[in-house]
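Novice: The lines below spell out each chain.
There are 2 protein chains.
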Amino acid sequence: MDREPAGARVRRRIRAGDLAGPTAGEAPGSVQANLVVLPSALAHDFLRFAQANPRPCPVLAVSEPGSPRLPRLGEDLDVRTDLSRYRVWRHGELVDEPTDVRDVWRDDLVAFALGCSFSFEQALIEEGIELRHLTCGSNVPMYRTSIPCVPAGPFRGPLVVSMRPLPPADAIRAIQVTSRFPAVHGAPVHIGLPERIGIADLARPDYGDAVAVRDGELPVFWACGVTPQAVIAEVRPEFCITHAPGYMLVTDLRNAALSLG
Amino acid sequence: MDREPAGARVRRRIRAGDLAGPTAGEAPGSVQANLVVLPSALAHDFLRFAQANPRPCPVLAVSEPGSPRLPRLGEDLDVRTDLSRYRVWRHGELVDEPTDVRDVWRDDLVAFALGCSFSFEQALIEEGIELRHLTCGSNVPMYRTSIPCVPAGPFRGPLVVSMRPLPPADAIRAIQVTSRFPAVHGAPVHIGLPERIGIADLARPDYGDAVAVRDGELPVFWACGVTPQAVIAEVRPEFCITHAPGYMLVTDLRNAALSLG
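Taken in sequence, the protein lines are chains A and F. First residue of the first sequence: 120, per my numbering; consecutive thereafter. First residue of the second sequence: 120, per my numbering; consecutive thereafter.
Hints may contain errors.
One-sided excerpt, in silico: chain F residues whose CB lies under 7 Å from chain A [to be verified]:
# : residue
1 : P287
2 : Q295
3 : V296
4 : S298
5 : P307
6 : I310
7 : G311
8 : R315
9 : A319
Here are some of the chain A residues that sit facing chain F, going by a computed Cβ distance under 10 Å [said to hold, decoys possible]:
#  : residue
10 : G256
11 : S257
12 : I294
13 : Q295
14 : I310
15 : L312
16 : E314
17 : R315
18 : G317
Everything labelled a hint here was simulated from the structure, so no lab data went into it. C-beta atoms are modelled at their ideal positions from N, C-alpha and C, and glycine is treated no differently.
Model the full structure from these sequences, guided by the hints.
Specialist: Set out below in structure tokens:
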């Protein structure tokens with residue numbers, strides 16, 4: 120019998136009800152992904168939006184219409200059962216946070232798996248770079264910027280960024296390291312001057328938790344996977360499923376396999 | 120007859136006395152190099168110093184003792200005649216600025232060609248990045264830092280850096296681009312907080328000319344080829360030849376060939 124990939128083992132535990140919590144730290148080295156499920160009537164515009172905005176919306180896989188499977192990310196993978204918590208949205212309103220979406224699945228749904236910063240954070244940690252929000256045990260601070268995404272069909276809105284404070288030498292190394300990972304947001308979009316991208320106060324993030332930027336550190340900003348969720352919330356599609364924040368889709372892809380170099 | 124490389128053509132013009140000025144802009148795309156010539160008694164320590172400090176001292180080629188030839192950089196190349204202006208130093212004092220050093224050449228001399236920022240500046244310009252000192256027609260501003268080089272034998276001293284002001288998005292792109300060129304100083308060593316590396320006043324460079332850092336720009340600092348010259352000036356070797364600033368060794372190497380990617 121083949122050795123079961125670490126990601127497949129996590130998904131099997133979730134399907135069996137043996138793993139109910141957030142997925143940070145599960146199956147280390149495996150790519151975790153953001154999940155967006157939309158009716159096929161919106162799927163093409165959403166994919167065009169992602170294609171035009173690859174930094175916030177790096178597409179790892181797209182399902183066949185009606186299919187809950189993403190075989191490139193895991194042979195057995197079923198997006199209806201393999202996440203430990205979902206969010207179900209109707210006309211832009213959050214209506215449920217179930218642990219299984221088989222009962223609301225439809226034949227016209229298309230699933231998108233989008234890259235997540237967990238992958239590049241692992242690469243930064245392996246370089247010995249301190250990530251303040253992890254040290255603090257908090258969520259990374261995220262901000263809506265004045266940088267507009269490229270619109271596609273009804274999808275439009277501002278770029279959302281995550282911020283990690285770093286000493287300059289670590290910031291330079293982090294730019295090099297994350298440049299190798301375009302499939303999971305890639306290089307930073309900004310460094311050092313938050314007011315130039317419409318961020319008035321670093322202490323008041325729009326999502327996540329504030330962290331201290333100390334003397335001798337620069338704030339470094341990466342495009343963030345919350346961008347598509349914020350954009351979808353404004354479009355208010357009649358139906359949509361996403362992962363619940365922190366409860367990601369764990370795949371069989373390896374973070375190292377996403378690296379260009 | 121083979122087509123003559125652009126670098127060889129420049130060297131031939133210099134040897135013939137037809138090109139007497141600085142070499143910026145000559146043989147575009149060809150690697151230009153810093154020249155350091157030292158007695159063989161010091162050559163090993165200097166090479167160890169360069170090996171331990173590859174950012175400021177990227178070695179492109181080293182001659183056989185007593186030989187003025189660097190065949191890796193040009194088949195016909197002769198470092199005694201192929202630069203348009205030299206500096207001759209005795210015990211740390213500048214004693215002459217000749218256009219030919221055949222009459223002071225010695226059997227124990229070793230020539231070092233070190234990478235120069237002209238190569239990565241070309242790559243930045245091709246990305247559409249404005250380099251302020253070029254816009255201003257001035258020399259790049261350079262600063263002695265509080266960062267010590269790794270010593271080797273008598274060679275020791277502070278890292279000297281060059282500074283280019285850039286908007287944050289250009290700074291990120293410049294870090295990516297110059298990371299591909301480790302043979303010509305590579306990625307920046309610092310960004311954004313000059314006081315953290317011992318630079319009190321950007322308006323007062325130690326070498327070169329000051330340039331404005333405008334609102335919305337960050338100062339970005341690269342290790343600089345002036346470092347070995349500053350270090351040699353402190354060691355005061357009994358004899359030394361260098362290029363005169365701006366009068367570089369033009370080689371047959373192509374800038375593009377130095378790129379990692």
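Novice: Confirm or reject each hint.
Specialist: Here is what the structure says about each hint:
no.: 1; hint: P287; result: holds (5 Å)
no.: 2; hint: Q295; result: holds (5 Å)
no.: 3; hint: V296; result: violated (10 Å)
no.: 4; hint: S298; result: holds (5 Å)
no.: 5; hint: P307; result: holds (6 Å)
no.: 6; hint: I310; result: holds (5 Å)
no.: 7; hint: G311; result: holds (5 Å)
no.: 8; hint: R315; result: holds (5 Å)
no.: 9; hint: A319; result: violated (16 Å)
no.: 10; hint: G256; result: violated (27 Å)
no.: 11; hint: S257; result: violated (25 Å)
no.: 12; hint: I294; result: holds (5 Å)
no.: 13; hint: Q295; result: holds (5 Å)
no.: 14; hint: I310; result: holds (5 Å)
no.: 15; hint: L312; result: holds (6 Å)
no.: 16; hint: E314; result: holds (9 Å)
no.: 17; hint: R315; result: holds (5 Å)
no.: 18; hint: G317; result: violated (13 Å)
Consistency with the previously given hints fails for numbers 3, 9, 10, 11, 18, ordered from lowest to highest.
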